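Trainee: Residue numbers (my numbering), protein chains in the order written: chain U, 1 to 347; chain R, 1001 to 1378; chain B, 2001 to 2311.
Since the hints were made in silico from the structure, they are not lab data. The structure presented is a predicted model; accordingly, all values stated were derived computationally and were not measured. A portion of the hints provided could be inaccurate.
A few chain R residues that face chain B, going by a derived Cβ cut-off under 8 angstroms, partial list only [stated by the list, open to error]: (1) Leu-1145; (2) Ile-1150; (3) Ile-1154; (4) Val-1297; (5) Leu-1300; (6) Leu-1304; (7) Met-1336; (8) Ile-1337; (9) Thr-1338; (10) Asn-1341; (11) Leu-1359.
Derived coverage of chain U by chain B (criterion: at least 3 residues anywhere in the stretch with Cβ under 8 angstroms from a Cβ of chain B; other residues may be distant) [said to hold, decoys possible]: (12) 52-63; (13) 213-226; (14) 230-242; (15) 264-271.
All residues carry an ideal CB built from backbone N, CA and C; glycine is no exception.
Below are the chains, spelled out letter by letter.
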Amino acid sequence: MRRLSWIVAVLVLGAIVAGACTPAATEAPPPEAQPTAAPAEPTAAPEPFRVAVVMPSAINDLAFSQSMYDALVRIQESMGREAAFEIAYSEGMFVIEDAAAAIRDYASQGYDLVIAHGSQYGSSLQEIAPDFPETSFAWGTTLDTFGMPNVFAYEARSEQGGYVNGVVAASLSESGVIGVIGPIETGDAKLYVDGFSAGVMATDPAATVATVWTGSFSDTALASQAAQTHIDAGADVLTGTAQMVTGAIGVTQESGVLWFGTQSNQTSLAPEIVVASQVYHWEVVLSEMIDLIRAGTLGGESFAITLANGGLVIEFNPDYAVPAEVMTLAEDTIAGIADGSMVVPLP
Amino acid sequence: MPRALARLQSRLLSPSWLAVVTPLGAFLAALLVGAAMLALLGVSPVEAYAAMFDGAFGSSNAAADTLVKATPLLLVGVGICIAFRGGMLNIGGEGQLIAGALAATAAILAFPTLPSVVMIPLGLSLGFLAGAAWGALPGLLKARLQVNEILTTIMMNAIAVQALNYLLRGPMMDPQQVVEGSFIPQTARFAVAADLPRLVPTRLHAGFLVALLVAILTWVLLWRTTVGFRIRAVGLNPFASRRAGIRVGRYGVMAMILSGALAGLAGAVQVMGVNHRMFTDGSSAGFTGSAGFNGIVAALFGQLHPVGTIPAAIFFGGLIVGANAMQRAVQIPSAMITALNGLLVVFVVSSDIWRRRMLQRQQRAEAARALQSSEAPP
Amino acid sequence: MIDDLLTPAVLTGIAYSGIKLATPYLYATLGETIGQVSGVLNLGVEGMMLLGAFAAFFVTFQTANPWLGLLAAVATGLLLGLANAVITVTLKAEQGISGIGIYLFGLGMSELLFQKSLGSVETVSGFPAVRLPLLGDLPVVGDLFFNHSLMVYGAFLLVPVVWLLLHRTTWGLRIKAAGQNPAAADALGVSIARVRYATVTFGGVLASVAGASLSIALLNVFQQNLTSGMGFIAVALVYFGGWSPFGALAGSLLFSTVNALQSWIQVLGIPIAPDFALMLPYVLTILMLAFPFRKTRQPAALTKVFERGET
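Whole structure, please, built from the sequences with the hints as guidance.
Mentor: See below:
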């Protein structure tokens, strides 16, 4: 038994040594990407812009990862042809070192922009970016570019849309009891929830906002239980963030309770009770980054999607009739935040 | 010519080669099924698998990634060898990993000015001890109160994750995060003195050597020391052991403590050699990469032998790294990779019966021959 | 603040939610219990739940008929259970590993099929809550126990059925014998392979139905990793329940009720950090085991492959 283990171990180690003897030069970043499509037009086709994105969850999670992937697809469509804008993705990269390997791999394949779409990827990016000075990296959601010339940072001021949602929620709520379902009280989720609570309090100081943190981004059953608890406690308006809220939406639909969404448009899940969603339009800042990259600046700037620049859009459900005065209030709030006259108070 | 072929065939079918040929054959069979799935997805299987092998072993960076991935699998797996052989089914690797990583993190953050030569052993030792403590509780509950350890270890995993979340979004959060208002649940980056040294100019760090050393030491422990002998005896036959005077409960607990300690050590190694800070994404898997579970599979593939776990862990590390590379190269959904990994595991583990049947057949043939030769007239 | 928790309204809310969300745990734990009593450990429950959830969701989405969805889940479970039986009984694979393989396969396959067929998250109209005619009108008890989805009733009705199967039928005797002393049972003419095939396949069906209960009854949605660890908790609950269907019931109820409790703790603003509230189900499970109500012993032949002629 021991002998065979040694044999196998030797074999495997031998394979590794053989592989390791391949010079590391195979990993050097090749020069500018070659166009992949044969140009069919008479005019010379511009070089395609190649983007790679590494995401912690699935591209169809209806939340964080999907928002970025959809944004990239929208840019691709606006550019007209797939050949003009090439997207590569790695989804479900919740293991940091796997994500680091992915980022490094994409960079070494000569992608123009490698997006590390997850706040947990920061340390990896800090290590990798200096090795690829010709590649532009983008990291979200954060504002920290590490002072590196080839790293962009982006974040979502999700408290803004949260505030607007809160204002509308408080206006529509009859019981004055409002519930929130969140994953963990950190990062983007915390911003949204803080903004939402602030919006509710500003509109109806007598209202109560209760928050249940489920401790996970994906535990759908727990989210539905949290929603049920809120409803039993008298809530008639709910909101939540992260991909697990689909479980909550199902429960709210059954009970006729209203729902406000964030990160993506959740109307299709429950057309009767979804009032509005704060939708992330990352393409607003992505386009800026792409322009900068094309012009030669590979990083050093941070961006935020806000109500002002159209990166955050409150998309109302066309089938839900919001009373006129509430709509006006919403629009005024959006305008106020956008032009800076209103600032969302955060704890 | 036919004789040479016959000799080759009988050589390949010899017991030690069978142990390699069988899983290899199953591996290839699973790859074939995977190839069909890839073709259905519109991807060239050849391109995909080439990318997979290349990503796992095709360059020094790839090999480094594979070994880095294998390190926690190896440490946890060796711990599992001790536990399972001691009759303790330790499913708590994830929680023990986290406990070890948190302990090391706390020490490193508390004493940022220590030199490497103090900091590194300190971090690793604390990881070892914290993991031991996290494994001791289920061990004691089993020994004293007959509480099933599978259950307690699974529960302790979940408890560890919540503790991790609490600490990282509160007391241990990077002060810079609080200042910036981004509240990412991670600690500050460790002092450079805490980084495990790199072995070659790749990402391969000294933790791999630690893991190899631990595997060899565990082999010595289990087969060359009294303690190890007693642990194995308790696992094989608790009743006979008790009658022989061995304190079954004590050695069971010891097995759990050692197993937890090694998983905790794995956590410390990960946080000091790879990540250089502690973070969470709500579940444990973002940090551990499910090493707490995959380590069990690696140990079982290694026939619960510490040295056998070495190639098993490297195989698994290569599988994961290679599969991710494949996903990137041919742009298939990550879910395909997960499904393929599952198929590979099922095929390889199911193939063992073929090896056992071949062995039985050979043994019977040999016995028949021996009988014949003894009956043959002189 | 704690007295907020002890009001009748809150307690009934916790109880209702606890009963409702015990359903997937219950189906899965019952299926695993039968398998383990016959001596087979299935760690792949989670994977089977996910594939069953997807199958049920997809068919319900396409046909708008949750019964067809349930049928799809049963069919999926039959296939998966049969495959698992082949792997564990005929091919005699190491059960700890094969289970993990099935889990990975189910996790990946369900998401892959989901991405390739539906693409984006949708909702369905699954089994609605059905108020039972007379029982549902009882004062407090009516709303609490008799106003649930059909799949919830199914899960709870399954508990006495499984108990009767195990303790009052000859099949049950054979199942228990296969798990306690397969050599003796084999000598008496019981086909261990046949018994285990049956239990493992049935376990697969129940695991699949557990997933379906999530996707077409309780949550009415399918997403990647919908079950998020429930299958593994179910396996742990088999141990908690002492390999008994009523123990499985107790464990499932304990788990889901404490989860509902921790939701309420957060909603009522009781000053416990959410992370600690979330630990409650796990801590309580350990505590309850530390003070056992009766001695349980695991099936002697659990995970040991049976081959005639070998001890």
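Trainee: If a hint holds in the structure, say so; if it does not, say that too.
Mentor: We went through each hint and held it up to the structure:
1. Leu-1145: Where the cut-off is 8 angstroms and the nearest Cβ of chain B is about 5 angstroms from Leu-1145 (chain R), the hint holds.
2. Ile-1150: At 6 angstroms from the nearest chain B Cβ, Ile-1150 (chain R) passes the 8 angstroms test, so the hint holds.
3. Ile-1154: With Cβ-Cβ at 5 angstroms, under 8 angstroms, it holds.
4. Val-1297: holds, 5 angstroms
5. Leu-1300: OK, holds: Leu-1300 (chain R) within 8 angstroms of chain B, min 5 angstroms.
6. Leu-1304: violated, 10 angstroms
7. Met-1336: holds, 5 angstroms
8. Ile-1337: With Cβ-Cβ at 7 angstroms, under 8 angstroms, it holds.
9. Thr-1338: holds, 3 angstroms
10. Asn-1341: Result: holds, 5 angstroms to nearest chain B Cβ.
11. Leu-1359: Not OK, violated: Leu-1359 (chain R) not within 8 angstroms of chain B, min 13 angstroms.
12. 52-63: With 6 residues close enough to chain B, the hint holds.
13. 213-226: Three-residue rule met by the region 213-226 of chain U, so holds; n is 12.
14. 230-242: Coverage by chain B holds here, the residue count being 3 at a Cβ distance below 8 angstroms.
15. 264-271: holds (count 3)
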